[in-house]
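Taking the hints as your guide, dock the two standalone chains into a single complex.
In the order they appear, the protein sequences are chains B and L. With the numbering used here as the guide, the letters of the first sequence map in order to residues 1 to 394. With the numbering used here as the guide, the letters of the second sequence map in order to residues 1001 to 1068.
Derived by calculation from the structure, the hints in this document are not laboratory data. Among these hints, one or two may not hold up.
Below, computed lysine-lysine pairings styled on DSS-like, alpha-carbon distance capped at 27 angstroms [said to hold, decoys possible]:
#  : chain 1 : residue 1 : chain 2 : residue 2
1  : L       : 1049      : B       : 330
2  : B       : 214       : L       : 1011
3  : B       : 35        : B       : 388
4  : L       : 1006      : B       : 97
5  : B       : 388       : B       : 130
6  : L       : 1006      : B       : 330
7  : B       : 388       : B       : 122
8  : B       : 214       : B       : 259
9  : B       : 214       : B       : 110
10 : B       : 97        : L       : 1011
11 : B       : 164       : B       : 259
12 : B       : 330       : L       : 1011
13 : B       : 164       : B       : 214
14 : B       : 110       : B       : 317
15 : B       : 97        : B       : 259
16 : B       : 110       : B       : 97
17 : L       : 1068      : B       : 110
18 : B       : 375       : B       : 363
19 : B       : 330       : B       : 363
20 : B       : 290       : L       : 1011
21 : L       : 1006      : B       : 122
22 : L       : 1049      : B       : 317
23 : B       : 110       : L       : 1011
24 : L       : 1049      : L       : 1068
25 : B       : 164       : B       : 317
26 : B       : 97        : B       : 214
27 : B       : 214       : B       : 197
28 : L       : 1068      : B       : 317
Chain B side only, calculated, beta carbon under 10 angstroms to chain L, not exhaustive [what the hints assert, rightly or not]:
#  : residue
29 : 104
30 : 331
31 : 335
Using C-beta positions, here's what the derived DEER-type ranges look like [to be verified]:
#  : chain 1 : residue 1 : chain 2 : residue 2 : range
32 : L       : 1065      : B       : 197       : 32 to 38 angstroms
33 : B       : 374       : L       : 1065      : 54 to 60 angstroms
34 : L       : 1060      : B       : 13        : 49 to 55 angstroms
35 : L       : 1041      : B       : 54        : 30 to 36 angstroms
36 : B       : 91        : L       : 1029      : 18 to 24 angstroms
Glycine included, every Cβ here is placed at the ideal spot set by N, Cα and C.
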Amino acid sequence: MSARPPVNDWSTDFDHLDPRWIENPYPIWDELRDKCPIAHTERFRGVYFPSRYEDVRAVAYDTENFSSRRIIVRETPPPRIPAPPITSDPPEHRPAKNLLLPAFTPDAIKRHEAGMREICGKLIARFADKGGCDAAVDYAQEIPVRVIAVMLGLPEEEGGRFRKWIHEILEAGITRPDILMKAIGETEEYFRNEVAKRRAAPTDDLISQLAAAKIDGEPISEPHLLGAIRLILIAGIDTTWSAIGSCFWHLAQHPQDRKRLVNEPELIPTAVEEFLRAYAPVTMAREVIKDTTINGCPMKSGEMVLLSFPAANRDPKMFPDAERVVIDRKENRHAAFGLGIHRCIGSNLARLEITVALQEWLKRIPEFRLDPSAKVTWSEGTVRGPRKLPMLFG
Amino acid sequence: MGLKVKVDREKCQGHARCAALAPELFALDELGNAQEIGDGSVPDALVDKAYLAKANCPEMAIDVEETK
Chain B
1 MSARPPVNDW STDFDHLDPR WIENPYPIWD ELRDKCPIAH TERFRGVYFP SRYEDVRAVA
61 YDTENFSSRR IIVRETPPPR IPAPPITSDP PEHRPAKNLL LPAFTPDAIK RHEAGMREIC
121 GKLIARFADK GGCDAAVDYA QEIPVRVIAV MLGLPEEEGG RFRKWIHEIL EAGITRPDIL
181 MKAIGETEEY FRNEVAKRRA APTDDLISQL AAAKIDGEPI SEPHLLGAIR LILIAGIDTT
241 WSAIGSCFWH LAQHPQDRKR LVNEPELIPT AVEEFLRAYA PVTMAREVIK DTTINGCPMK
301 SGEMVLLSFP AANRDPKMFP DAERVVIDRK ENRHAAFGLG IHRCIGSNLA RLEITVALQE
361 WLKRIPEFRL DPSAKVTWSE GTVRGPRKLP MLFG
Chain L
1001 MGLKVKVDRE KCQGHARCAA LAPELFALDE LGNAQEIGDG SVPDALVDKA YLAKANCPEM
1061 AIDVEETK
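Chain L with its partners taken away, still in its complex shape (with noise of 0.2 angstroms):
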């Protein structure tokens, strides 16, 4: 069981917020718009700041799910 980010892109705006904050969960388009890097994973070391993208993206556009 892990964790997986999710990025709805069609609530996604490119605030770009995701990106700052969890470069290695997430990167951006050629239009700035987000998706979550291969198929969102996320390491345990990375787990905080898979909270803090979701936390701090304006649109509410990241999931996190537990995965099995």
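Chain B extracted, bound-state conformation (with noise of 0.2 angstroms):
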């Protein structure tokens, strides 16, 4: 990462690529939750924080004056990447949302568990008796990429390619717009080609279903069709594999919590909840279309709102005792998946797969611990979650 000229104060100049706030963004935010609850920057175009958990959920809801045709903050002008229903407002949203809806319920969700099993199983077989690995890259980086794959259909060997793109709009593609459009550019060329296919010859899988889908009547346009796969690889992947690794991450610095959750695997859903709460990877953003305040704070059309689902996770006016991990929490409302009309589509995917990938790695290794020699790395944007897990078991 290039360097950046370093932040001294956080409430007007915040800056979420800077080190300390990918290293460790919580204790920046408790701190401007307490005296500066919107703080802004004029980095990548003017950006506000709202970090109260009531001021997120006001801006989230206020789909009026604050709109999703832009969701990333970026440092470039900005193209409009179309990918419904991420990108849309009211009145498109709910008809480009509820397309996607069926596939992700719960019942839709199941049928991938055996699945998921076995891919859990078949990667810790690799590396259980090697006495440690690295569980974001050997693990939790492998997991959804591969779920994903086989809902949309394609081959889980392209995992590869899918991360890389990933990694080029989400990370490097915030200050880099060639490298953001060039990667968009391939995705347009290779989903148009996975469309052309299932045209000739239809599958059961979800580009199937969206290439055959209508709205009113009328199928849906060829830009909303690739958006709306791109959206559903890249929305599926990072972010759950961040999840998971969060977990690990977690799991391996407090052993009383791990031998809890393997002596009583019943808590593992509680405990995944309360994990979506504390470590929620996904930051979103809208921009301001029309002059507004929120809670007095007035804030100007044009400008961006980083929307820190994250932060108002650790709102202590919202969930007592914010700062630590219970993960026997009973009162849990948190929004890790959003709130209002742009609540995550894959929530119930994600905690699927986060739920299977403690157990099956639970049953196999108990006992784990990050290790002393090596560096944790997470990763910088919008997405937070390790990027390497170096751990040793036992």
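Laid out in structure tokens, this is it:
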């Protein structure tokens, strides 16, 4: 990452690509939530940062003043790259979302559970008797890409190419529009080809379903179709692997929690909700499209809002002991999957993947810790998770 | 007198926490959005689950009402 002018005042000049934010953003958010609940920066062409749950919710619920036509904070003039429904505002949003929802209900994704367990078992078998592994590279990162590939009917071997596109679109592309647009072009060519194959010979995968889908009796346009497929690919991979990785990062450092989940595996789903709260991977964004105010703070049209569900999840006004990870927390209306109409379509899939990933690992490798001789590194940009998580077993 | 759960279908965004925590009381439709099962009556044994579901709905779409 290139050197960036250092931040002296997070309230007026925050930078979510600053190494300190990337390494450990939580204390920065705690201080801002207390001292400057809606921070601002001139970087990235002007961005606001609300950190209180109530303000994040207010922005998420206000689709009149805060548009989803731009959802990633970038340094460069924004191309509008539609990926319905994530980039849609009402009234286009609801029909575009309803197109995808049936494939992602808990019942629908349950069909993939056996496949997920098989993937996890095979991955673990590769390193279980090696005394250690990189839990991000060898495990967490391998799971969602395979699951999404199966759903879309794409070869699992293409996983490397998908991860490359994700990195280019969500990380490198923040500061390099040339990299961003090249990646977008590659995804369009790839998916155009996949759609054409299925129009010639329909299959039962999600790409076939979308290629045949209609809104109000009309087939969806090609930009909509390609955007929706790209959305599922990107949204389904980086996010979930980040969440899985964070769970293992936590458990590697908290033997009490680890032992409890090994002895009480029925607690795993509750623990997953708490890990989602405390280590929520996804920060979204909105474009301010009308001058407005949130909780007395004026916001200017044309600027962006970094919509930090992870920061909202750490608000002590909403969650007692917000800074503590309490794996049997009973009341947990966290916002890891968003709030309001843009609730993550993949939430049920993500929950199942994370749960299965934990169950299958803990059954086979109950004892593990961070490798003290190696370093954990974190992703930067809009999705937070460990990119390298070196571990030792036992 | 008893308790009834009710899902506000306008507020529900399909997080499905209620169906996960209290499958006896909440069902999901083909889009994954929730509704109360039957008339939402809560048997005594499920009262805790009803309140747990309400407390875990991120959209605060669940009401637990006392009925006569």
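Status of each hint after checking the structure:
1. 1049/L with 330/B: Status holds; Cα separation ~11 angstroms.
2. 214/B with 1011/L: Since the Cα atoms of residue 214/B and residue 1011/L sit roughly 26 angstroms apart, the hinted pair holds (cutoff 27 angstroms).
3. 35/B with 388/B: Violated. Residue 35/B to residue 388/B sits at ~33 angstroms, over the 27 angstroms cutoff.
4. 1006/L with 97/B: holds (24 angstroms)
5. 388/B with 130/B: With a Cα-Cα distance of about 17 angstroms, the restraint between residue 388/B and residue 130/B holds, given a limit of 27 angstroms.
6. 1006/L with 330/B: Holds, at roughly 21 angstroms.
7. 388/B with 122/B: holds (20 angstroms)
8. 214/B with 259/B: Violated. Residue 214/B to residue 259/B sits at ~50 angstroms, over the 27 angstroms cutoff.
9. 214/B with 110/B: holds (25 angstroms)
10. 97/B with 1011/L: holds (16 angstroms)
11. 164/B with 259/B: Judged against 27 angstroms, a Cα distance of about 36 angstroms means the pair is violated.
12. 330/B with 1011/L: Holds. Residue 330/B to residue 1011/L sits at ~22 angstroms (cutoff 27 angstroms).
13. 164/B with 214/B: Cα-Cα ~31 angstroms, so violated.
14. 110/B with 317/B: violated (35 angstroms)
15. 97/B with 259/B: Cα-Cα ~40 angstroms, so violated.
16. 110/B with 97/B: holds (20 angstroms)
17. 1068/L with 110/B: Measuring from Cα to Cα gives roughly 39 angstroms; hence the hint is violated.
18. 375/B with 363/B: holds (26 angstroms)
19. 330/B with 363/B: This hinted pair holds, its Cα atoms lying about 24 angstroms apart.
20. 290/B with 1011/L: holds (24 angstroms)
21. 1006/L with 122/B: violated (44 angstroms)
22. 1049/L with 317/B: holds (24 angstroms)
23. 110/B with 1011/L: holds (25 angstroms)
24. 1049/L with 1068/L: It holds: about 20 angstroms lies between the C-alpha atoms, which stays within 27 angstroms.
25. 164/B with 317/B: violated (39 angstroms)
26. 97/B with 214/B: Holds, at roughly 12 angstroms.
27. 214/B with 197/B: holds (19 angstroms)
28. 1068/L with 317/B: violated (35 angstroms)
29. 104: Holds. Min distance 7 angstroms.
30. 331: holds (4 angstroms)
31. 335: Check passed: Cβ of residue 335/B comes within 6 angstroms of chain L, closer than 10 angstroms.
32. 1065/L with 197/B: 32 to 38 angstroms: violated (53 angstroms)
33. 374/B with 1065/L: 54 to 60 angstroms: Between residue 374/B and residue 1065/L, where Cβ atoms are some 55 angstroms apart, the hint holds.
34. 1060/L with 13/B: 49 to 55 angstroms: The hint (49 to 55 angstroms, Cβ to Cβ) is violated, given that residue 1060/L and residue 13/B are roughly 35 angstroms apart.
35. 1041/L with 54/B: 30 to 36 angstroms: With a Cβ separation near 33 angstroms, residue 1041/L and residue 54/B satisfy 30 to 36 angstroms, so the hint holds.
36. 91/B with 1029/L: 18 to 24 angstroms: holds (21 angstroms)
The structure shown violates the earlier hints numbered 3, 8, 11, 13, 14, 15, 17, 21, 25, 28, 32, 34.
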